[in-house]
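These protein sequence lines map, in sequence, to chains A and B. Heads up: the first sequence begins at 1 in UniProt numbering, then just goes up one per residue. Heads up: the second sequence begins at 1 in UniProt numbering, then just goes up one per residue.
Read the hints as simulated data drawn from the structure, not as lab findings. Quantities reported herein were computed from a predicted structural model and do not represent experimental measurements. One should not assume that every hint holds.
As the list claims (entries may be wrong) - Quick list of in silico lysine-lysine cross-link-like pairs, DSS-like style, CA-CA up to 25 angstroms: (1) A:K66 to A:K41; (2) A:K36 to A:K95; (3) B:K47 to B:K30; (4) B:K39 to B:K130; (5) B:K30 to B:K129; (6) B:K141 to B:K47; (7) B:K35 to A:K41; (8) B:K72 to B:K141; (9) A:K95 to A:K68; (10) B:K72 to B:K129; (11) B:K72 to B:K5; (12) B:K129 to B:K5; (13) A:K41 to B:K39; (14) A:K66 to B:K47; (15) A:K68 to A:K23; (16) A:K41 to B:K72; (17) A:K41 to B:K5; (18) B:K47 to A:K68.
What the hints assert, rightly or not - Chain B regions said to be covered by chain A (calculated; three or more residues, Cβ under 8 angstroms): (19) 58-65; (20) 80-93; (21) 128-141.
Stated by the list, open to error - Counterexamples of contact, computed for chain A against chain B with all Cβ distances above 10 angstroms: (22) M1; (23) M79; (24) D86.
We treat Cβ as the ideally placed atom computed from N, Cα and C, and that holds for glycine.
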Amino acid sequence: MKTLMVVCGSGVATSTVVTGKIKNWLADEGFDGQVKMLQSKISDEVNHIDDYDAVVSTTLVPDNVKDKVINGVPLLTGMNTQAVYDQITEKLELK
Amino acid sequence: MYFDKDVILFDQSMADQTTALTTLADALQKVGVVKPSFKEGILNREKQFPTGLIAPSMGVAIPHTDAVHVIKPQIGFLQLKEPVHFNQMGDNADVSAKLIFMLALNDPDLQLAMLQRLMGLFQNDDLMKKLTTISTTADFKDIMKQAEID
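Using the sequences provided together with the hints, build the complete structure.
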């Protein structure tokens with residue numbers, strides 16, 4: 001089971017939307033049994049990025065962890081959402 | 001339920017982002033749905049983690065803060081005469097926000113459907129354009145009903 005952490009600034013608003021979108025996508029693709037979804041605020045997770053197989057954020061993350069985090073904002077605006085799903089697929093090695 | 005306190009402001013001129021955020025936060029506090037600490041929470045949060053979004057038809061912002069500052073879920077709406085500068089969440093890109101939805105939320109599970117519909121609304125160019133031209137609470141609530149947010 002892979003772990004996917006979704007973070008935003010407060011852990012209540014946009015991370016909730018992104019979690020919902022990713023859950024639906026995982027189910028549509030038949031990946032839902034492979035991934036455990038978690039949700040939190042960035043300030044609680046910034047030192048634990050490596051604890052998860054992938055991290056999606058709707059907020060800015062510090063430069064030292066930037067490369068490890070997928071920008072989830074396209075899932076909010078609806079523009080270029082596939083790029084986010086492609087990065088998740090790659091990071092979690094879903095197939 | 002999210003608009004029952006009528007924190008719905010039209011055609012407002014705001015000098016800057018802070019003025020816009022303060023105006024909405026004060027209005028929410030006045031109707032008793034947020035604690036006095038909400039405003040400070042909103043301002044700090046926006047500095048640390050901006051909430052602008054570049055929607056397909058225009059820039060918007062969805063300022064919000066921790067649930068601890070919220071008494072009752074509510075959304076404040078501000079329609080701006082001239083856009084106000086925000087930064088986009090995630091990448092800090094410049095956003096000229098024409099509409100602001102200030103979210104006072106305290107239960108992510110219950111509010112998920114509403115948040116998803118709000119993001120859906122941002123992608124509906126037709127309804128978004130209407131939101132920039134309407135000037136009555138009744139029209140606003142009508143659009144929100146069409147977007148299934150109420």
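Verification of the hints:
With a C-alpha separation of about 16 angstroms, the suggested pairing of A:K66 with A:K41 holds against the 25 angstroms cut-off. With a C-alpha separation of about 15 angstroms, the suggested pairing of A:K36 with A:K95 holds against the 25 angstroms cut-off. Of the pairs offered as hints, the one joining B:K47 and B:K30 holds, with about 24 angstroms between alpha carbons and a cut-off of 25 angstroms not exceeded. Straight-line distance between C-alpha atoms of B:K39 and B:K130 comes to about 29 angstroms, which puts the hinted pair past the 25 angstroms bound.
Proximity of B:K30 to B:K129 is assessed by CA-CA distance (about 29 angstroms); at most 25 angstroms being required, the pair is judged violated. With a C-alpha separation of about 30 angstroms, the suggested pair B:K141 and B:K47 falls outside the 25 angstroms cut-off, and the hint is violated. Annotation: proposed proximity of B:K35 to A:K41 holds, straight-line Cα distance about 21 angstroms (limit 25 angstroms). Note on B:K72 and B:K141: the hinted pairing holds, with a Cα-Cα distance of about 19 angstroms set against a maximum of 25 angstroms.
Restraint check for A:K95 and A:K68: the C-alpha separation of about 21 angstroms stays at or below 25 angstroms, so the hint holds. Pair hint B:K72 plus B:K129 does not hold up; C-alpha atoms about 29 angstroms apart against a cutoff of 25 angstroms. Taking the CA atoms of B:K72 and B:K5, the gap is near 10 angstroms; set against the 25 angstroms cutoff, the hint holds. For the proposed pair B:K129 and B:K5, the alpha carbon gap of about 24 angstroms is at most 25 angstroms, so the pair holds.
The straight-line distance between the Cα atoms of A:K41 and B:K39 is roughly 19 angstroms, inside the 25 angstroms bound, and the hint therefore holds. Restraint check for A:K66 and B:K47: satisfied, since their Cα atoms lie roughly 19 angstroms apart, inside the 25 angstroms limit. Proposed proximity of A:K68 and A:K23 is supported: the alpha carbons are some 20 angstroms apart, at most 25 angstroms. Pair hint A:K41 plus B:K72 holds up; C-alpha atoms about 21 angstroms apart against a cutoff of 25 angstroms.
For the hint linking A:K41 to B:K5, the alpha-carbon distance of about 29 angstroms lies beyond 25 angstroms, and the restraint is violated. Simply put, B:K47 and A:K68 have alpha-carbon atoms about 23 angstroms apart, close enough for the 25 angstroms limit, and the pair holds. By the rule of at least three residues with a Cβ nearer than 8 angstroms to a Cβ of chain A, the coverage given for the region 58-65 of chain B holds, with 3 such residues. With a cut-off of 8 angstroms between beta carbons, the region 80-93 of chain B has 5 residues touching chain A; three or more are needed, and the interface restraint holds.
For the region 128-141 of chain B, the stated coverage by chain A is violated: 0 residues have a C-beta nearer than 8 angstroms to a C-beta of that chain, whereas at least 3 were required. Distance to chain B confirms A:M1 as a non-interface residue, since its nearest Cβ pair spans about 22 angstroms, more than 10 angstroms. Residue placement check: A:M79 does not keep its beta carbon more than 10 angstroms from all beta carbons of chain B (closest about 7 angstroms). Non-interface call for A:D86 relative to chain B: holds, since the shortest CB-CB distance, roughly 17 angstroms, exceeds 10 angstroms.
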